[in-house]
Amino acid sequence: MAETHIEWTDATWNPVAGCSIVTAGCTNCYAMQMAKRLEAMGVEKYDGLTRRSGKRTVWNGVVREDRAALEIPYGWKKPKKIFVNSMSDLFHEQVTDKFILDVWRVMRETPQHNYQILTKRPQRMAQLVADRVGNVLPNVWLGTSIENAEVRDRAHDLRAVPAAIRFVSFEPLIGAVGSIDLTGIHWAIVGGESGSAARPIREEWIDEIYSQCTRQGTAFFFKQWGTWGKDNKRRSKKANGREYRGQYWDQMPEHAMGAG
79 MAETHIEWTD
89 ATWNPVAGCS
99 IVTAGCTNCY
109 AMQMAKRLEA
119 MGVEKYDGLT
129 RRSGKRTVWN
139 GVVREDRAAL
149 EIPYGWKKPK
159 KIFVNSMSDL
169 FHEQVTDKFI
179 LDVWRVMRET
189 PQHNYQILTK
199 RPQRMAQLVA
209 DRVGNVLPNV
219 WLGTSIENAE
229 VRDRAHDLRA
239 VPAAIRFVSF
249 EPLIGAVGSI
259 DLTGIHWAIV
269 GGESGSAARP
279 IREEWIDEIY
289 SQCTRQGTAF
299 FFKQWGTWGK
309 DNKRRSKKAN
319 GREYRGQYWD
329 QMPEHAMGAG
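All residue numbers for the sequence shown refer to our numbering, where the first residue is 79 and numbers rise by one.
These are computed hints drawn from the structure, not numbers from a lab. Hints may be right or wrong, so weigh each one.
To be verified - Quick list of in silico lysine-lysine cross-link-like pairs, DSSO-like style, CA-CA up to 30 Å:
(1) K123 to K155
(2) K114 to K316
(3) K114 to K301
(4) K301 to K159
(5) K156 to K133
(6) K155 to K133
(7) K155 to K176
(8) K301 to K311
(9) K133 to K311
(10) K308 to K133
(11) K315 to K114
(12) K316 to K301
(13) K176 to K123
(14) K311 to K159
(15) K133 to K114
Said to hold, decoys possible - Here are the simulated distance ranges between beta carbons:
(16) K311 to V214: 42 to 48 Å
(17) A227 to D144: 21 to 27 Å
(18) G120 to Q205: 35 to 41 Å
(19) Q325 to Q190: 27 to 33 Å
(20) P216 to D309: 30 to 36 Å
(21) A227 to T174: 30 to 36 Å
(22) V214 to E321: 17 to 23 Å
(23) E85 to D259: 24 to 30 Å
(24) D125 to S257: 43 to 49 Å
(25) S314 to D144: 30 to 36 Å
In this text the structure is predicted, and so the values were computed from the model without any measurement. Cβ coordinates follow ideal geometry from the N, Cα and C atoms, glycine included.
Kindly produce the complete structure, drawing on both the sequences and the hints.
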């Protein structure tokens, strides 16, 4: 994995393969179908990571550490923003502390890149980073996913993470988040779900997050409407586009403006 169409990053790096469903935001995770496709293409590390559940492909809970993949960022000389584990979760319970620390070593030794790590397990991230990592790396951005109010407390766990930049991905946004404390959180990404089984997004849910970002000084990035447009009609993701309130929102954390 390298170049990507994800709007807020430049490349992906996947030293871990496989995951498991933890909350509603995982239900239609694109990585499950992608893992099945990569297995069919003969990519060995994705072999046997999914199963069929009715008409759906879902994770089966098998997770693999890929030590060979640790070498990849050393070969990228041009600075990039790198999304770490777009196909998994670095802080999954089956990923060992040692392997996570090896990932940190690579990030420390490649300061030309900015690394973006997103987890649905911010409690483990906070504990391990605080207890084992040591110095905060200025090129490592640490974030968590929040899809609705039921997992809003992840923002509290994220605040406990020692990090140069903390961010929240409100994607797929499948419900109202409500009032949320963004203190110490530098960046918010918002996006609707895409795909044949996508759940609708509502403009008022976006408005609520946007208003709180504005009041609390958090940079706001609107990634996409997804399958359901502003008018609550189904279209292709491309047709619905990324325009919100009459413009594109590509804000980045203030002290990372020159990154990647």
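Quick rundown of the hints versus the structure:
no.: 1; hint: K123 to K155; in the structure: holds, 25 Å
no.: 2; hint: K114 to K316; in the structure: holds, 24 Å
no.: 3; hint: K114 to K301; in the structure: holds, 25 Å
no.: 4; hint: K301 to K159; in the structure: holds, 16 Å
no.: 5; hint: K156 to K133; in the structure: violated, 42 Å
no.: 6; hint: K155 to K133; in the structure: violated, 43 Å
no.: 7; hint: K155 to K176; in the structure: holds, 26 Å
no.: 8; hint: K301 to K311; in the structure: holds, 18 Å
no.: 9; hint: K133 to K311; in the structure: holds, 24 Å
no.: 10; hint: K308 to K133; in the structure: holds, 29 Å
no.: 11; hint: K315 to K114; in the structure: holds, 22 Å
no.: 12; hint: K316 to K301; in the structure: holds, 12 Å
no.: 13; hint: K176 to K123; in the structure: holds, 19 Å
no.: 14; hint: K311 to K159; in the structure: violated, 33 Å
no.: 15; hint: K133 to K114; in the structure: holds, 13 Å
no.: 16; hint: K311 to V214: 42 to 48 Å; in the structure: holds, 45 Å
no.: 17; hint: A227 to D144: 21 to 27 Å; in the structure: violated, 35 Å
no.: 18; hint: G120 to Q205: 35 to 41 Å; in the structure: holds, 38 Å
no.: 19; hint: Q325 to Q190: 27 to 33 Å; in the structure: holds, 32 Å
no.: 20; hint: P216 to D309: 30 to 36 Å; in the structure: violated, 42 Å
no.: 21; hint: A227 to T174: 30 to 36 Å; in the structure: holds, 33 Å
no.: 22; hint: V214 to E321: 17 to 23 Å; in the structure: violated, 36 Å
no.: 23; hint: E85 to D259: 24 to 30 Å; in the structure: holds, 26 Å
no.: 24; hint: D125 to S257: 43 to 49 Å; in the structure: holds, 45 Å
no.: 25; hint: S314 to D144: 30 to 36 Å; in the structure: holds, 33 Å
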